[in-house]
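S.K.: Let the hints inform the model, and build the full structure from the sequences given.
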Amino acid sequence: MRSTFSAQVQNTGCQYLSSPTSPLSERSPNQELLPLSAKVNSNDCLEIGCCDVKTLVEQFGSPLYILDEVTLRTACRQYRDAFARYYTGESLVLYASKAWSCLAVCAIASSEGLGIDVVSGGELYTAIKAGVSAEKLYFHGNNKSIAELELAIKSGCTIVVDNWLELQTLADIAGTFQEQPLRIMLRLTPGIECHTHEYIRTGHLDSKFGFDPNALDDVFAFISQHPILNCIGLHAHIGSQIFERQPHRDLAGVLVDSLNKASRYGLRIQELNVGGGLGIRYTESDDPPSIDEWVKGVCEALVAVCEEQQLPLPKLLAEPGRSLIGPACVTAYTLGSRKIIPEMRTYLAVDGGMSDNPRPITYQSVYRAVVANRMSDALTETVTIAGKHCESGDILIKEAIVPQTEPGDIFVVMGTGAYNYSMASNYNRLPRPAAVLVNEGEAQLILERETYDDLIRQDRLPKRLT
1 MRSTFSAQVQ
11 NTGCQYLSSP
21 TSPLSERSPN
31 QELLPLSAKV
41 NSNDCLEIGC
51 CDVKTLVEQF
61 GSPLYILDEV
71 TLRTACRQYR
81 DAFARYYTGE
91 SLVLYASKAW
101 SCLAVCAIAS
111 SEGLGIDVVS
121 GGELYTAIKA
131 GVSAEKLYFH
141 GNNKSIAELE
151 LAIKSGCTIV
161 VDNWLELQTL
171 ADIAGTFQEQ
181 PLRIMLRLTP
191 GIECHTHEYI
201 RTGHLDSKFG
211 FDPNALDDVF
221 AFISQHPILN
231 CIGLHAHIGS
241 QIFERQPHRD
251 LAGVLVDSLN
261 KASRYGLRIQ
271 ELNVGGGLGI
281 RYTESDDPPS
291 IDEWVKGVCE
301 ALVAVCEEQQ
311 LPLPKLLAEP
321 GRSLIGPACV
331 TAYTLGSRKI
341 IPEMRTYLAV
351 DGGMSDNPRP
361 ITYQSVYRAV
371 VANRMSDALT
381 ETVTIAGKHC
391 ESGDILIKEA
401 IVPQTEPGDI
411 FVVMGTGAYN
421 YSMASNYNRL
431 PRPAAVLVNE
441 GEAQLILERE
451 TYDDLIRQDR
461 LPKRLT
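In terms of our numbering, the sequence shown is residues 1 to 466.
Derived from the structure by calculation, the hints contain no laboratory data.
Here a beta-carbon is modelled for each residue, glycine too, at the ideal position from N, C-alpha and C.
Incorrect hints may appear among the rest.
Now the in silico label distances, taken between C-beta atoms and shown as ranges [claimed, not checked]:
| id | residue 1 | residue 2 | range |
| --- | --- | --- | --- |
| 1 | GLN59 | TYR265 | 53 to 63 Å |
| 2 | GLU26 | ILE456 | 46 to 56 Å |
| 3 | ASP257 | THR382 | 35 to 45 Å |
| 4 | LEU165 | LYS129 | 27 to 37 Å |
| 5 | ALA215 | GLY336 | 50 to 60 Å |
| 6 | GLN168 | LEU103 | 27 to 37 Å |
| 7 | ARG264 | ASN428 | 54 to 64 Å |
| 8 | GLY122 | THR169 | 13 to 23 Å |
| 9 | THR362 | ARG449 | 15 to 25 Å |
| 10 | LEU445 | LYS208 | 34 to 44 Å |
Heads up, simulated DSS-like pairs for lysine-lysine below, C-alpha to C-alpha not over 25 Å straight-line [to be verified]:
| id | residue 1 | residue 2 |
| --- | --- | --- |
| 11 | LYS315 | LYS296 |
| 12 | LYS339 | LYS315 |
| 13 | LYS315 | LYS261 |
| 14 | LYS398 | LYS136 |
| 15 | LYS136 | LYS315 |
| 16 | LYS398 | LYS388 |
| 17 | LYS261 | LYS208 |
| 18 | LYS129 | LYS154 |
| 19 | LYS388 | LYS339 |
| 20 | LYS398 | LYS339 |
M.R.: Structure representation (structure tokens):
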């Protein structure tokens, strides 16, 4: 059962919370506005992981990313178990770590049996240091450097080849690092449109990612002539924050057609990766499919195509990111100044903004929020939540409905686990926030707050200026 998000009535803030009557394991995290463990305590404060958010800010400062371990693990298990339930062949869920790459998140996903999808040398290095085995590491990216490719080869991970230059480079250098054939997959552009933001559509033909379908014959022929390249699979990704299910059903047919084409060149494709992209509930009007519904549709589509063409089931991979980590985290801010423009707008400023969450200014993304230390106060005003950066566009929420607030109140924005810390910057020389992992009343620091010394650590003064 998903939470409702109507106006605060009868002085209660509980409409933000998950249904208390359903077991955690039965609630799909991507359909919830707050983490699964969220509740209001006797002090009228928001709790996550049995930790009082106001107390967390007092202890760790703000802005503060608060990651709920229960929600993250629940999402991992729902994906893993759903694929086991609906797909009789072998399957593997990969966490798309570009959503939030850090040691703790990678380690949690790995401990739940997931692999890790990385898109840079830095993400690969992080996953390795988190203890993820090479067999469960897949390296994506449309412009991998020589150094990144060398790191990937040495690590033993699977390289998802995106373009001709990369394919030719690997054919040239792979033999200098190993004698065994290099395990690769091919990323193709499936030509499938989906209704999401222009910047996060990746399946349509006009995309920087992947081989054009018309080039596949030449690509397969090239691989067949280079035995150092062992092409084990095909990959396609159609976009992000998707609520539709039909595009992923269509993708199964595209991938199987390409698999058949590869077989004509003597290539034995064993794995098909359908990407990720399942959306989450950022606002009360968002209505994404549950994790279980999405996985069921993906599995049924691939099984149907394989049965129709009398093919054995390949290993099925998927790489969710946002729907795993997004709902598990909130960001806590401290409210500061207020500016009232009569008959126009009231601005409330927080101690962060576009440097810790660039999605509103980049994608026009919409978020919801609560005042964490006034959960039962009636909602009495509509305000604009502004960040502290020197940009007029530094607005987190344009129309937030809040109770009467005071400077020092704790403002919590929901659904900030995906593409917040990972896209964070030091704009205006603001240190990046800390992050804590909460569970059963315990809060553990997983990312330290940057200091001013951190900001200048890489700076160098020319000798003539010293």
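S.K.: Sort out which numbered hints this structure fails and list those numbers smallest first.
M.R.: Numbers 3, 12, 14 - these are the hints that the structure violates, sorted from lowest upward.
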